[in-house]
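*Asks:* Residue numbers (the working numbering), protein chains in the order written: chain A, 1 to 374; chain B, 1001 to 1294.
Errors might be hidden in some of the hints.
Stated by the list, open to error - Listed next, the in silico EDC-like pairs over lysine to aspartate or glutamate satisfying Cα-Cα at most 20 Å (straight line): (1) A:Lys207 / B:Glu1088; (2) A:Lys21 / B:Glu1035; (3) A:Lys206 / B:Glu1088; (4) B:Lys1130 / A:Asp16; (5) A:Lys207 / B:Asp1196; (6) B:Lys1212 / B:Asp1131; (7) B:Lys1223 / B:Asp1196; (8) B:Lys1130 / B:Glu1118; (9) A:Lys204 / A:Asp16; (10) A:Lys207 / A:Asp16; (11) A:Lys204 / B:Glu1088.
To be verified - Cβ-Cβ distance ranges computed for the label pairs, FRET-style: (12) B:Ala1017 / A:Gln278: 16 to 26 Å; (13) A:Thr285 / B:Ala1017: 48 to 58 Å; (14) B:Glu1081 / A:Ile361: 20 to 30 Å; (15) A:Asn282 / B:Ala1017: 22 to 32 Å; (16) B:Glu1081 / A:Phe313: 54 to 64 Å; (17) B:Asp1131 / A:Lys21: 15 to 25 Å; (18) B:Ala1017 / A:Glu205: 24 to 34 Å; (19) B:Glu1010 / A:Gly351: 48 to 58 Å; (20) A:Asn280 / B:Glu1081: 51 to 61 Å; (21) B:Asn1043 / A:Ile346: 52 to 62 Å; (22) B:Arg1172 / A:Glu205: 30 to 40 Å; (23) B:Asn1043 / A:Glu205: 17 to 27 Å; (24) A:Thr295 / B:Glu1118: 49 to 59 Å; (25) A:Thr295 / B:Ala1017: 43 to 53 Å.
I should point out that these hints are in silico values taken from the structure, not numbers from a laboratory.
Just so it is clear, CB atoms sit at the ideal spot from N, CA and C, and this is done for glycine as well.
What follows is the residue order along each chain.
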Amino acid sequence: MHIRNILAIARKDALDILLNKTTLFFLISPILIAVLFAIIGGLLANRSASTGLLLYNPGNSHVEQYIGNVLTGTPIVHAHSSDEVASAFGPQGSHNNTPYILGLVVPPNFDESLRAGSHPQLTLYINASAWSAGDQQLLEHALSDYARSVTSPQPPISFAVTMVNLPTTSNFVQDYTQRYAMAGLLYSLTIGISFVPGLLVEEKEKKTLRMLMVSPASWGDVVLGKLLVALVYQLLVSAVVLAILGGFSGQIPALLFFVLLSSCFGLVLGLLFGSIIQTNGNVGTFVGIVSLLYTLPSLVLGPLYNVLQGTPFEQAMRVLPMYYMADAFLKALQGQATLQNTFLDIIVLLGGTILLFFVSIWSLRRQAAVIGAI
Amino acid sequence: MNNILDIMIEAHDLRRAFRHKEAVAGISFTARRGEIFGLLGPNGAGKTTTIRILTGQIDPSGGSAMVAGCDVVKDRARLKERIGVVFEEQNLYERLSARNNLAFSCWLYGLPESRADEVLDLVQLRDRAKDHVSTFSNGMRQRLMIARALLHRPPMLFLDEPSRGLDPISARDIRLAIKQLSEEGITILLTTHLMDEADQLCQRVAFIVNGKIVANDTPRNLKLTHGERVLMVTLTEHGQNGHSALQDMTIKLDDPADQQRLSVWMAQDRVLAIHSHEATLEEVFIEVAGVRPA
Chain A
1 MHIRNILAIA RKDALDILLN KTTLFFLISP ILIAVLFAII GGLLANRSAS TGLLLYNPGN
61 SHVEQYIGNV LTGTPIVHAH SSDEVASAFG PQGSHNNTPY ILGLVVPPNF DESLRAGSHP
121 QLTLYINASA WSAGDQQLLE HALSDYARSV TSPQPPISFA VTMVNLPTTS NFVQDYTQRY
181 AMAGLLYSLT IGISFVPGLL VEEKEKKTLR MLMVSPASWG DVVLGKLLVA LVYQLLVSAV
241 VLAILGGFSG QIPALLFFVL LSSCFGLVLG LLFGSIIQTN GNVGTFVGIV SLLYTLPSLV
301 LGPLYNVLQG TPFEQAMRVL PMYYMADAFL KALQGQATLQ NTFLDIIVLL GGTILLFFVS
361 IWSLRRQAAV IGAI
Chain B
1001 MNNILDIMIE AHDLRRAFRH KEAVAGISFT ARRGEIFGLL GPNGAGKTTT IRILTGQIDP
1061 SGGSAMVAGC DVVKDRARLK ERIGVVFEEQ NLYERLSARN NLAFSCWLYG LPESRADEVL
1121 DLVQLRDRAK DHVSTFSNGM RQRLMIARAL LHRPPMLFLD EPSRGLDPIS ARDIRLAIKQ
1181 LSEEGITILL TTHLMDEADQ LCQRVAFIVN GKIVANDTPR NLKLTHGERV LMVTLTEHGQ
1241 NGHSALQDMT IKLDDPADQQ RLSVWMAQDR VLAIHSHEAT LEEVFIEVAG VRPA
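Chain A on its own, in the form it takes in the complex:
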């Protein structure tokens, strides 16, 4: 094997892929699907955008003006009762699709109570997906300053805080964004699987393989050249898809590792079928079936997660290695990947890649023995 020959074949195929309408379509379609997912994700985000402070201030305390100066640009919506504010947020720790970033219940006669030396309680509700812990502390300090401005320097008030949408769990929009990113990424992995057998089979069909066999290139050079170009295009498109879907978040090194591992799995799967299949028509059939096998787990763990979670269909998907790709991607995107919870994913993908690799080598060696007679 010669690196010059491998690079020559990869370079030729890289150009040919762009000139071939079929492969160009395969190259662009994951990007188009990612754009579609990004549009859907954006629409969901707009619907769920949190704005404003929901305030119940029956005593018309001046704290409202004070907060308005602190939260510049944040609209204040007046509630008619404390229950209205509570129902917009509570209960504690729940996952609530509230449109507000803050809720505040000011007791009646708040300012008078402060001047009288009482310790009135402000009830603060926080939407953690739009309001961080740091922002909470700043607000509490501001409210304390207001209270001090009304009474003595001693902190006269205490806070009872109810927090919803805690940051350790994704909210609706963030969760769906990550799931769409996973689905888009998984679909982009079909590139390697479609390119490798297609490139090999076309050389056989067009008899150009025979020309290569009388050139300085060997059968090994041909195979490695095609794997190389497929891997490069695979990783490029996956990176573009991730960029479009905002997927460069969470545990990026882990995500990149899983992308590389999954790409290798797809490439050796394509290599095995490329050594068996003889016509481009059969390649099309194979790619269609494999694309379906990639799409199903991406839907189960992606946009249809809430519908299919825990169903027999989801359980059935666990026989597919692609399910474990999707699972690993999702955990990395959510920043929740650990060696323990991705161990099975890694084992399935790595083991599958190694097994497919050796089977491919065996099949390719049989091919090489008869290549001169093709």
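Following the hints, complete the assembly by docking chain B onto the known chain A.
*Replies:* Positioned in the frame of chain A, the structure of chain B alone reads:
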């Protein structure tokens, strides 16, 4: 005495079997430097299999061969650097341009891409360098394949049915190109089932039938040795009304009865013209091989 350096192909008892059928059943021949050597035979005779063995694409089942100083089995890597092959199929990359097809071969052989422009000039395709091969005619594709085979300046060229599927003008252009290459010192082994083409081009030909060589000599010697000795005689026929008619007759010189007839005509002063009829290579092939070429 033949200088060993002049021998570009030396095949000894080459054999190759496919699933109990012997496609090449013991072929031996040599080809000298600068020679155009023709391997002629009907479809399925073993011509292409022989070329595949000599170009290192497949291993022989038996025998040995040296091509351009390289053993076709043990020295395959060096063999590939010293041979060029033009296949029967037009195996070009159709979506790539002519230049990119050649540039790819330049990358494989470690040649500068400027070499692609040189060979495009050689085959008069420079003006179509940037056009996709899919837009080329058969003749242009054949010329491009010859250009590709010549990129690395091989001393030995294999041409498998070089004018198959070409119109007469393109086929003539290809033959001219082949002759020119031979004059430049390149040894050419070509396979064809077109006897006329072999007669025009080849200094020596071998007839191959059912995997065996049944004749191996120059076309002239084969025709002289195996062809019938025939004369075409034009006779006058004097009519009753005084007008003369012409009649063409064929005389086989090896037939005593025909010899007698010729003598009679000459005595009658009826012989207007005599032309010799040289056997064609096809006729020789049919006589030697017992089968039609294609």
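*Asks:* If a hint holds in the structure, say so; if it doesn't, say that too.
*Replies:* Tested hints:
no. : hint                             : result
1   : A:Lys207 / B:Glu1088             : 10 Å, holds
2   : A:Lys21 / B:Glu1035              : 45 Å, violated
3   : A:Lys206 / B:Glu1088             : 12 Å, holds
4   : B:Lys1130 / A:Asp16              : 15 Å, holds
5   : A:Lys207 / B:Asp1196             : 28 Å, violated
6   : B:Lys1212 / B:Asp1131            : 43 Å, violated
7   : B:Lys1223 / B:Asp1196            : 13 Å, holds
8   : B:Lys1130 / B:Glu1118            : 14 Å, holds
9   : A:Lys204 / A:Asp16               : 15 Å, holds
10  : A:Lys207 / A:Asp16               : 16 Å, holds
11  : A:Lys204 / B:Glu1088             : 15 Å, holds
12  : B:Ala1017 / A:Gln278: 16 to 26 Å : 23 Å, holds
13  : A:Thr285 / B:Ala1017: 48 to 58 Å : 35 Å, violated
14  : B:Glu1081 / A:Ile361: 20 to 30 Å : 28 Å, holds
15  : A:Asn282 / B:Ala1017: 22 to 32 Å : 30 Å, holds
16  : B:Glu1081 / A:Phe313: 54 to 64 Å : 59 Å, holds
17  : B:Asp1131 / A:Lys21: 15 to 25 Å  : 18 Å, holds
18  : B:Ala1017 / A:Glu205: 24 to 34 Å : 26 Å, holds
19  : B:Glu1010 / A:Gly351: 48 to 58 Å : 53 Å, holds
20  : A:Asn280 / B:Glu1081: 51 to 61 Å : 32 Å, violated
21  : B:Asn1043 / A:Ile346: 52 to 62 Å : 56 Å, holds
22  : B:Arg1172 / A:Glu205: 30 to 40 Å : 31 Å, holds
23  : B:Asn1043 / A:Glu205: 17 to 27 Å : 22 Å, holds
24  : A:Thr295 / B:Glu1118: 49 to 59 Å : 51 Å, holds
25  : A:Thr295 / B:Ala1017: 43 to 53 Å : 48 Å, holds
Of the hints listed earlier, those the structure fails to meet are numbers 2, 5, 6, 13 and 20, in rising order.
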